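S.K.: Single-letter residue listing:
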Amino acid sequence: MYQQIVDQITARVMAGDWAPGQALPSIRELAAGSGVSVITVKRAYEELERAGLIATRQGKGSFVADRPDQARQLLEAGLDRALDEVVTQAARLGLDRQQLHRRLDEHLDAAPSSNPSEGSQS
Amino acid sequence: MIPAFAVQSLSKRYPHFALEDVSLSLQPGTVMGLVGANGAGKTTLLRLLSGLAAPDAGTVEVLGHRLPEAQADARREVGLASEDMRLYRGRSLDWHIDLVRQIFPSWDDDYAATLVRRFDLKPQQTLGGYSHGQRVKALLLLCLARRPKLLLLDEPTTGLDPVARLEVLEALADVLRDERRSVLFSSHNTADVEQLADRIAFLHAGRLVADADKESFLDQWRRVLCLGAAPPTLAAWPEVAAVRSAGSQVEVRVRAWREDLSDRLAAAGLRVERVDPMSLEEIFVTAVRTGGAA
Amino acid sequence: MSDAPRGAPAGAPMGPRVPALDQLRALAMGVGVLFHAALAYSPWLFPYWPTASDANWAGIDALVWLPHLVRMPLFFLVSGYLAALLLERRGMGGLMRQRVRRILVPFLVAWPLVHLSVSALTGWAATEVAAPSPFLLAVREYLAMPDPPDLPLSTGHLWFLWYLLIFTVLLWVSRTLEFDAALARLGPRSLAPSAIGLPILLWPGFMLTAAPHPAPESLFPQVWALLVYGPFFALGVALHGRLDALAPLRRWLWPGAIACLALYLAFLRQLPPGPVGPTTPWAIAALEAMVAGWGTLVCLVAGLRWLDRPRPWLDRLAGSAYWTYLLHLPVVFAIQYLLLDVAWPWPVEFVLTVVATFAICLATHALLVKRTRLKRYVG
Amino acid sequence: MSFAPNLPLIRLLVVKDWQLFQKQLAAYVLAGIIALALLGLAKPWAFHLGATLLLVVLVAAACFAISTSLLVERKEQTLAFVMSLPVTPLDFTLAKLAGNLLTFGVPYLVLLGGTAMVILGTPIPDGFVVFAVLVFGHVLLAYGLSLAVAMRVESEGWNTFVMIASMVLVNPFIMVIGQIDAIAGPARTDAITWSAPALAILAAQILLFALAIAWTAWSLGRRPAFY
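In order, the protein sequence lines correspond to chains A, B, C and D.
Going by our numbering, the first sequence opens with residue 11, and the numbers climb by one from there.
Going by our numbering, the second sequence opens with residue 326, and the numbers climb by one from there.
Going by our numbering, the third sequence opens with residue 16, and the numbers climb by one from there.
Going by our numbering, the fourth sequence opens with residue 485, and the numbers climb by one from there.
What the hints contain is simulated information worked out from the structure, not anything from laboratory work.
Keep in mind the model is a prediction, meaning the values are calculated, not measured.
Among the hints, a few may not be true.
Unchecked claim - Coverage of chain A stretches by chain B, computed from C-beta distances (three or more under 8 Å per stretch; other residues unrestricted):
{"#": "1", "segment": "33 to 42"}
{"#": "2", "segment": "82 to 94"}
What the hints assert, rightly or not - Simulated crosslink set (DSBU-like; lysine-lysine; CA at most 30 Å straight-line):
{"#": "3", "chain 1": "A", "residue 1": "52", "chain 2": "B", "residue 2": "474"}
{"#": "4", "chain 1": "A", "residue 1": "52", "chain 2": "A", "residue 2": "70"}
{"#": "5", "chain 1": "D", "residue 1": "507", "chain 2": "B", "residue 2": "447"}
{"#": "6", "chain 1": "B", "residue 1": "447", "chain 2": "D", "residue 2": "559"}
Here a beta-carbon is modelled for each residue, glycine too, at the ideal position from N, C-alpha and C.
Use the sequences and the hints to build the structure in full.
M.R.: Given below as structure tokens:
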């Protein structure tokens, strides 16, 4: 469950909703607002702090870290995890490298946002 | 800091059931989910914590009040709602509000009005015309609007439709904003506990089998999928809770996961395919089926 | 914790206290004094009335029973209206407190006082008057008995207060058991037609008692009195906040008044020479019911039309109406017992009685009630 | 545990029971007015009907006062709600007893007054008042015992049994006191005579009633907890 909170915050920082240096909601505030337990949010903040996306100053709460590229790294780590999973599944199916490439291309073609000229869906 | 509650070596014996040697406490600002099968002793524990029952052995302290001696003082600061509690069918919600606000000086009129709107209740209608969900929400409103320091809730979401359940959970989440207020709630719906609780207390057959913060509790459990033949001794490993074989696949449910377990499984002739965290639901079922050793 | 409204919400439509109703009640009170003073000269009541005078006139009976059929219904109607007004403004608890202060306490205090003063006056008259009425003769015989039997408890002319208490309790019963809500769902939507149907409700009540009807002075609630006065009280409750509903009746004011007069004459013709009792044939009761029901409506509509301005003399009468009500009967009796031995023409005695009674009541009101604590109870 | 009762809270709980009782009370009042109106008709059939109605109202008030405030509260699980309030077992016991005595006492006293009025205000011999008071005494005692049992025993069957049995005993009781000459004799005269047997029976009724209530208050009020 804390992974959801981590993903949410990462996405908002990436999208620019939360600028570097901006104060994050307190743990209790975020917990109450999203209806999850305090300890879950706490754990998510700890994880984000370890990843360098946010910084916690004693008595002042948590802030978005000054280097937002950390968020990118975090997302890239997430992508890597997903790709690892893809590779494992492909191995179970016995797909070779070329077949996997083709499958990936098919998915890229099918995804509507892959071609910027088509515009994004609302 | 005075704990929200603290019980020591608590025992309560009934002719066909006994709660034995329970020690448990809750820090202020924390939400504790009380998990256990029917007849595990959740209701008995809540009755002891609200001072309605006197223990046969051990001590109960709630918000610094010794129970059951100071039960009235304690219940002034405790909001208690249980599944078997009903309001007066022939009377309106307004009438109940009027009664409760006269008893509790901490009653918050504005918050009560907010909750009436949020729960979509008709204050002048008699409770007899309310649906089950509306009655549960009315009861909860009467508890919440007095802003108790400790909420003791027995099955607050049982029998609610998904919308009403969400409304109730959101109202409970509101309590989290105040770090001096605490909640203990029992639920058959482990998803509610998983979502809202900071701590988990696990009762089985009248005994407390686990008491831990939720994330570390969940973290200890894993479902490990392996290929190969399970050695007969595997089920007896102390960290293994359950083993199930289907063809060449072996599912091992682990109650105390450590990274080195993968290697030990490999050494026992099992190839680890994947390691997944378990939901509280799965943990609950596994623990209850294997005799409660969580 | 009460389900009654805690004070009316601001801006809610609120039926006002209508000055016309107060003035109407004051007029009915004044008529009451005239009525009680006139009974001494009624040939019909000569055998029963304590102050019955030898100098009576047949025309009295034709004159007094018409206002009599209308004035008590008007009292109950106005009381019902005021009860509903209080209920809305102060809730059931407030209404009950007001009724205890304004009705129960005065009743309990005035009852023994009126009882004692009337018995003392009557006892004195029975022994001292040279030309006693038949009633006084009977009293004289009763007093001469060695072991006189107990007389049944009676509320005397205060029966109105007693019934008002009963109707207030029934109003509470009806609210608590939600009879009135059920009635509002089932009953007719518009008020005026149901008001016109009133005589149908009164009919059985009039059949159960003598004609012209006596005062229900027993402590036991009399079925006929509940059936006759209950509908008027209920109509008063229903009219609260909806007096406009009577507007369509305005056109019928003159035709209604003339019809009532005609019905009343028919009623007098149907009566054998003298009252009938203990029950009344259906035809006579029907005429009585129509005169009482429609006559009251005519007076109400007329009152709403013409009594809308403050009139100093009527307002003074209205202010002292309650006190006059409590006091007038012993005063009338005292004066008329004295007049029994005086052989003046009846109109002189009658006027003298009325003027003296009003003078005494208004003067004592100004002296004892208006500026004292009694005002809270009987002002 | 503090043994000082929380009087404001007890008052609130009594008011609560009183409010829950209001609809019934309204029905009794209506029946009472109808009964008095029947008696006022001064016809033999109406008199018997009215007197029976008064007795029915009296027994119904006794049974339903207990039923509403104790049995129904248990059955409909509103008891759990009351216990979630800051009440000690002592507060709860006292509130229940006081609430019950009020909800029963008001119709009881009104009916007692009404009955006295009927006897003294009609041709019925005034001496009958003593007889009537003893019948009222029996209903009071039956009510006290039923209340004591209902406070203590959860079984609805037993409660109903005690209630009905004790109330139905009013018939043999009337027959028995009808056989006692010192009571039955003066009941036919206009003099109100309090004979020794009448006073003894009345004293026993009141004493047993008070004992039942006091024992219930004492034994239930000193429990440390509800369960």
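S.K.: Within 30 Å, alpha carbon to alpha carbon, are residue 52 of chain A and residue 70 of chain A?
M.R.: holds (15 Å)
S.K.: Count the residues of the segment 33 to 42 of chain A with a beta-carbon closer than 8 Å to any beta-carbon of chain B: does the count reach three?
M.R.: holds (count 4)
S.K.: With a cut-off of 30 Å on the C-alpha distance, tell me whether residue 52 of chain A and residue 474 of chain B pass.
M.R.: It holds: about 22 Å lies between the C-alpha atoms, which stays within 30 Å.
S.K.: With a cut-off of 30 Å on the C-alpha distance, tell me whether residue 447 of chain B and residue 559 of chain D pass.
M.R.: holds (25 Å)
S.K.: Are three or more residues of the segment 82 to 94 of chain A within 8 Å, CB to CB, of chain B?
M.R.: Contact hint for the segment 82 to 94 of chain A vs chain B: violated, 0 residues under 8 Å.
S.K.: Compare the distance between the alpha carbons of residue 507 of chain D and residue 447 of chain B with 30 Å, and conclude whether the hinted pair is satisfied.
M.R.: Holds, at about 22 Å.
Hint compliance for this structure: hint 2 is the single one not met.
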